[in-house]
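Protein chains: 2
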Amino acid sequence: MSAKTVFPEPVVGVDLGATKIYTIVADKDGKILSASKKPAKGERGSDVVLDRVAETVDDALADAGMTRKDVGALGMAVPSPVNQNTGVALFSPNLNWRSLPVKDMLEKRLGLKVFPDNDVNLGTLGEYTFGAGKGAEVMAGFFVGTGIGGGIIMNGKVVHGRNFTGGELGHMVIMADGPQCGCGTRGCLEAVASRIAITRDLRAAMERGVPTMLTDLLGTDTDRVKSGVLKKAYLAGDELTTGVINRAMRRVGIAVASIVNAIGPDVVVIGGGLFEALGEDLMPIVRNAATLHYFGPSGDGVAVELAALGDDSVPLGAAAFAAGKIA
Amino acid sequence: MSAKTVFPEPVVGVDLGATKIYTIVADKDGKILSASKKPAKGERGSDVVLDRVAETVDDALADAGMTRKDVGALGMAVPSPVNQNTGVALFSPNLNWRSLPVKDMLEKRLGLKVFPDNDVNLGTLGEYTFGAGKGAEVMAGFFVGTGIGGGIIMNGKVVHGRNFTGGELGHMVIMADGPQCGCGTRGCLEAVASRIAITRDLRAAMERGVPTMLTDLLGTDTDRVKSGVLKKAYLAGDELTTGVINRAMRRVGIAVASIVNAIGPDVVVIGGGLFEALGEDLMPIVRNAATLHYFGPSGDGVAVELAALGDDSVPLGAAAFAAGKIA
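Line by line, the protein sequences give chains A and B. Numbering follows my numbering, with no gaps: position 321 of the first sequence is 321. Numbering follows my numbering, with no gaps: position 229 of the second sequence is 229.
It cannot be assumed that every hint is accurate.
[What the hints assert, rightly or not] For lysine-lysine, the following DSS-like pairs were computed, each having C-alpha atoms within a straight-line distance of at most 27 angstroms:
#1 Lys-157/B <-> Lys-157/A
#2 Lys-157/A <-> Lys-325/A
#3 Lys-41/B <-> Lys-134/B
#4 Lys-157/B <-> Lys-325/A
#5 Lys-157/A <-> Lys-134/B
#6 Lys-157/B <-> Lys-134/A
#7 Lys-4/A <-> Lys-108/A
#8 Lys-28/A <-> Lys-157/A
#9 Lys-20/B <-> Lys-108/B
#10 Lys-4/A <-> Lys-31/A
#11 Lys-113/A <-> Lys-28/A
#12 Lys-31/B <-> Lys-157/A
#13 Lys-226/B <-> Lys-157/B
#14 Lys-157/B <-> Lys-41/B
#15 Lys-41/A <-> Lys-134/A
To be clear, the hints were calculated from the coordinates, so they are not data collected in a lab.
Full structure from sequences and hints, please.
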């Protein structure tokens with residue numbers, strides 16, 4: 001967190017995920033004054049979810065000794081692309097939203113200026129403003145978890161692209177005609193390097209009878225290969241697990257090189273659940289693969305860094321996004 | 001060419017290629033008033049090449065009834081990344097240049113303000129300013145010839161990136177661990193879809209004894225598979241040629257989708273020798289493959305267009321680049 005003033009006024013940052021809401025109040029220095037969390041209850045519909053968001057905002061403000069009048073704006077991260085002209089969330093499979101006017105809906109509830117955007121875009125902006133990307137001119141972020149999200153910041157602004165899907169770096173194709181991706185196409189980075197892809201490859205190997213300590217760790221419950229289990233097997237040196245994960249990480253590195261060759265960022269930040277669990281071990285593999293795939297001098301001096309803010313990257317990015325709108 | 005004033009003053013645009021120099025004078029409307037061409041004679045060294053560039057400039061100005069005093073600046077496209085802070089061309093294998101101060105060297109010869117940049121960046125800018133990308137907010141260009149070059153324009157500006165290699169879209173990796181690329185790495189778009197890659201695949205098939213009319217067209221001279229020969233065999237429906245080229249074009253389409261998913265341009269322009277020869281036939285294949293690889297709505301309304309300016313894209317882009325610097 002910076003010690004100097006970075007926001008024109010205190011702001012609220014909301015991370016609305018598929019399962020939980022995490023809301024912060026940040027002061028002018030970008031310091032988190034207070035926080036509030038609640039389950040999102042997405043299955044009860046968007047009105048309930050947004051009521052609950054409003055409750056976390058009031059809770060966090062109260063904790064900071066503030067009221068809605070004391071903050072300049074609210075930034076909200078949602079698991080959906082967001083039309084920046086209308087504030088409409090375009091589609092969120094996880095929350096079962098389609099064309100939902102989240103900006104209007106939350107502004108009516110709170111009487112605050114609300115600025116929504118995609119959660120991974122805002123996580124990238126959080127790392128750019130306060131984390132591993134501080135000082136970059138152009139930054140790319142990859143967030144490797146169940147899927148792979150991404151974001152691009154150029155000259156302080158999120159790159160939204162024509163259809164507000166900009167920064168979908170997990171859907172650069174790095175293996176033409178490769179494995180099926182959850183997005184419906186083939187060979188995306190997400191299809192070969194996300195936790196879903198890693199789990200798929202581990203299961204297939206286990207079904208072929210490849211020996212692994214995962215058999216003991218998971219029993220029959222191969223549906224639930226969480227980062228914690230992967231971490232345990234990886235750190236124990238389990239041959240199958242390290243092989244599959246390291247191959248996936250080389251592919252992340254290849255995608256890093258692709259975006260460096262295409263747009264030339266100063267800094268690439270890698271985060272997400274898998275890197276929160278194993279970042280120190282995985283970053284050298286990502287960096288080496290990137291180095292092998294840079295075009296000429298394209299990677300000279302490019303910093304490929306582990307994300308620094310953990311769960312705070314998204315609400316801090318949301319706060320920074322809102323602050324940028326009222327600056 | 002636009003009918004309205006687009007440049008603050010008439011400008012000179014130079015396309016310095018590995019083998020030839022093509023120089024134009026453009027008026028305030030971006031109309032080409034005159035042109036001059038000369039062999040580059042790169043083998044005689046950079047001083048000779050830049051003397052010859054200066055001669056084409058004076059020839060073209062004389063043809064337009066102008067002197068150096070009548071133009072505001074000169075833009076120069078070179079086959080090299082160019083440090084935009086210093087005007088130094090970083091490396092050109094074709095001209096055998098390393099760290100050559102082209103801006104200073106040509107300014108001394110001409111007494112004009114000189115603005116050099118990479119030739120494919122400027123070809124992209126030419127298409128953006130006057131050709132198939134007119135009116136775009138964000139545009140990407142792919143130029144498929146011997147190799148594959150690219151460029152990105154955002155908000156009217158060439159994206160140079162940290163090391164001035166921005167826009168190297170031919171070196172996005174689309175086939176991890178795939179064929180060797182001329183750049184030293186593996187699986188780049190250029191390694192699977194350029195004329196070098198197409199020729200490699202055709203030769204390998206011919207060596208395996210696959211029947212093809214290329215055997216008659218080429219005789220033993222498989223070193224010289226030019227666009228003209230490919231065009232002839234392709235249009236005649238030669239099974240090997242159409243199969244290899246169509247597969248390459250699907251990979252170009254995959255790369256189009258990758259950059260659309262990553263940064264969300266409005267327009268993607270495809271040009272270069274292969275598309276000058278066969279563009280109308282190849283564009284539907286590129287578009288279909290792109291459509292199959294867009295993430296969600298990322299490709300909605302994105303125009304994937306054949307380049308419109310042919311050889312004029314580069315010198316017109318050079319002119320536009322210089323005009324933008326003095327505007």
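To see whether the hints hold, each was checked on the structure:
1. Lys-157/B <-> Lys-157/A: holds (16 angstroms)
2. Lys-157/A <-> Lys-325/A: holds (10 angstroms)
3. Lys-41/B <-> Lys-134/B: violated (34 angstroms)
4. Lys-157/B <-> Lys-325/A: Holds, at roughly 23 angstroms.
5. Lys-157/A <-> Lys-134/B: holds (24 angstroms)
6. Lys-157/B <-> Lys-134/A: holds (24 angstroms)
7. Lys-4/A <-> Lys-108/A: Judged against 27 angstroms, a Cα distance of about 33 angstroms means the pair is violated.
8. Lys-28/A <-> Lys-157/A: The hint holds at about 19 angstroms.
9. Lys-20/B <-> Lys-108/B: holds (22 angstroms)
10. Lys-4/A <-> Lys-31/A: With Cα atoms ~10 angstroms apart, Lys-4/A and Lys-31/A stay inside 27 angstroms; holds.
11. Lys-113/A <-> Lys-28/A: Holds, because 17 angstroms separates the two Cα atoms, which is no more than 27 angstroms.
12. Lys-31/B <-> Lys-157/A: violated (35 angstroms)
13. Lys-226/B <-> Lys-157/B: violated (33 angstroms)
14. Lys-157/B <-> Lys-41/B: Cα-Cα ~31 angstroms, so violated.
15. Lys-41/A <-> Lys-134/A: Distance of about 34 angstroms is beyond 27 angstroms: violated.
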